[in-house]
Amino acid sequence: MLEIKNLHVEIGGEKILRGLNLSVKAGEVAAIMGPNGSGKSTLSYVLSGKEEYEITEGSISYNGEDLTELEPHERAAKGVFLAFQYPIEIPGVPTMNFLKTALNSQRIERGEDELTTPEFMRLVKAKSEGLKISIDMLKRPVNVGFSGGEKKRAEILQMALLEPALCILDETDSGLDIDALKVVSDGVNHLRSPDRAMVVITHYQRLLDHIVPDTVHVLSKGKIVRSGDKNLALELEEKGYAEFVDAA
Amino acid sequence: MNIEAARLMTTAETAFVDIFEANEDHLPGDDTVKDARIAAIAALKHAGLPTRKVEAWHYTDLRRLLNTGYKLAEPPEFDDVKADARRLQLEVDTLKLPFANGHFLKEMADELPATVRIDPIAACAFIPAPYEADPSDAIIMLNTALFSDGVCLHVAPDAKLPQPIEIDVAFSGDDKIMAATRHRVEVNAGAEATFVDRCGGPDRVQYLSCSMVELTVAENAKATWIISQEQGDLATRLARLNITLKKNAQLTVVVVNAGGNLVRQEINADIIGEGADLIIRGVNLVGGDSHVDVTTKLLHKVQNTTSTETFRNVTTGRGSGVFQGMIGVAQPAQQTDARMACNTLILSDDSGFSAKPELEIFADDVQCAHGATVTDLDATQLFYLKARGIPEDKARALLVKAFLSEIVEDLDDDALSEVLDHRIERWLEAHD
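Going down the list, the sequences are from chains A and B.
If you use this note's numbering, the first sequence closes out at 248, no skipped numbers anywhere.
If you use this note's numbering, the second sequence closes out at 432, no skipped numbers anywhere.
I should point out that these hints are in silico values taken from the structure, not numbers from a laboratory.
From a predicted model like this one, the values you see are computed outputs, not experimental measurements.
Glycine included, every Cβ here is placed at the ideal spot set by N, Cα and C.
Take these hints with a grain of salt, some might be off.
Restraint-style ranges between C-beta atoms, simulated for each label pair [said to hold, decoys possible]:
hint, chain 1, residue 1, chain 2, residue 2, range
1, B, D393, A, P91, 55 to 63 Å
2, A, I135, B, L359, 15 to 23 Å
3, A, S227, B, G371, 34 to 42 Å
4, B, D410, A, G111, 23 to 31 Å
5, B, E358, A, D186, 54 to 62 Å
6, B, E429, A, E163, 26 to 34 Å
7, A, P91, B, E392, 52 to 60 Å
8, B, D93, A, I135, 49 to 57 Å
9, B, E111, A, S147, 41 to 49 Å
10, B, G317, A, P91, 55 to 63 Å
11, A, P91, B, D93, 26 to 34 Å
12, A, R110, B, I361, 24 to 32 Å
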């Protein structure tokens, strides 16, 4: 589903990714682990299309299509979803309105009929259950005044609602206590399916106890330096990143 | 020795003097009013319309910008007005007092509750304007000299009006016409009332709408005054709202400027009663070639009063906007709490906004704050929306709307909030 080859990315002239290769199949949950500054967040932004990141070399193919040619909203409509490490607050835009606009924009882009308000409300209610999200919370402006846990739960709700094919979770565990981590992980696990790929970016192994990956990749200095199965994460936890960083 | 060069009158100034001279005898009012009119036109003739050199008009050079030879608007044919009645409808259930071309359409007015007394403005005791040929008071001079109609509304003590009263001032007909209306509204002790001051007219017609309102909110009374300015795209709007707040009076003023080519809205408040609270919230939508100026002057004269002023502005096209906000705190006005904020979104390279906050404080135990920001849309918010599948233009519109909606939210009357929100939305759609 996702094929990244020899990807080089710069921001403001600074080289962040230096020849990254990564392949993720449908149904696969791939964990990307790495120390601070290794390029984890850059990878997530490049996949979702943030403007200021410049691709100087390499390719990103998504379902056989050149992802770099698409605008962020087109990528979203084709099923690319980034759960932000720091979800953005948008005062003045009620969450419900935002969700409906996002979902219907994607449907229009794909040539599908828009959902009516009652249809949408039924869908939101169904998806909110289990994520401990109340309708009252959805009446508040997007992420404004939400706690760390509420923000991450809201991201997972968006994911559940938009039903993307490729989910990129950027440090979804940051700022979460154990209980919130459980709610969020359950939400993610619930969305695992044979048609859906997930790229789980994390600094700590902790999240991977809850979201058990099929593959684990170590990112260091802008490259994948080692790949393996879930046991690689345990090895990392034990030995730390130093050995891998040196290998790069 | 001062030598004053003889000043040439502009086309507009000459027209105002001509209108006065031609209509002097049938403009309404007793001798007091007539004397005030004569003094006003003489002052206008002497000082002329203000230029940039007059500080209060520094960003709006009225003498240069107003160069049309207006004629006084004729009262419209009743049938024409009736045909226009659909436009007159506000989507809220208000008690309507319609005006067309400066004349009160009594036959079409809704009946007011018994707790509200209505008189023609000319029959009310006239309050002389506090000017001495000061060119900064051009709107008062022009209005005093030429007002053709208006109402005096007295809301009885302790009356709670169940519905808003809407003063709707419309224009129809020829190019280059002008009309001035003047209203006085008194919300007496303990009363509660909401008013909508709405003014509109056709596009592609040059007309001048001049308005003056004197609003008094008495002891323990609570009022909301909403100005919905929806003038046509070539219209000029010169308006002044004079406010007096007495003890424990509460007033919320909401201004939505969503029209007109040349607009100046002045709001002057005298806060003369302890415990009085004034809230002013405004949205200025400045697009096309328009110039929109809101100038406020709030004077805290006694102790323990509060004022909060918040303006949100959006400029696009080649529009230029101005906000001048003066807060004055007199020496006895200890424990004043006055706050002012003016935030602007600039959406086009050719548009701009000037903000001038001013504080004049003579008391020592006060809290005054003012802030002005000018920004573009937030790039991280925009990316977040796009990453969720919302296309750029829709995402921008959503953020602009969010920036403005806060101002008109939370009015006591939900339906009114919705109508104003809708106005803003319509303007944004038209100025995409």
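Results of checking the hints against the structure:
1. Here the CB-CB span from D393 (chain B) to P91 (chain A) is close to 21 Å, at odds with the stated 55 to 63 Å.
2. Between I135 (chain A) and L359 (chain B) the beta carbons are some 44 Å apart, a value that contradicts the proposed interval 15 to 23 Å.
3. The hinted window of 34 to 42 Å between S227 (chain A) and G371 (chain B) is violated, with their beta carbons roughly 53 Å apart.
4. Separated by about 39 Å at the C-beta atoms, D410 (chain B) and G111 (chain A) break the suggested range of 23 to 31 Å.
5. With their beta carbons about 57 Å apart, E358 (chain B) and D186 (chain A) fall inside the hinted range of 54 to 62 Å.
6. For E429 (chain B) and E163 (chain A), the Cβ-Cβ distance of about 30 Å falls inside the hinted range of 26 to 34 Å, so the restraint holds.
7. The supplied range of 52 to 60 Å is broken by P91 (chain A) and E392 (chain B), whose beta-carbon atoms lie about 20 Å from each other.
8. About 29 Å separates the C-beta atoms of D93 (chain B) and I135 (chain A), a value inconsistent with the hinted range of 49 to 57 Å.
9. The beta-carbon spacing between E111 (chain B) and S147 (chain A), approximately 54 Å, falls outside the hinted interval of 41 to 49 Å.
10. Here the CB-CB span from G317 (chain B) to P91 (chain A) is close to 26 Å, at odds with the stated 55 to 63 Å.
11. P91 (chain A) and D93 (chain B) have their C-beta atoms about 31 Å apart, which keeps the hinted 26 to 34 Å range intact.
12. A hinted range of 24 to 32 Å for the beta carbons of R110 (chain A) and I361 (chain B) is inconsistent with their spacing of about 60 Å.
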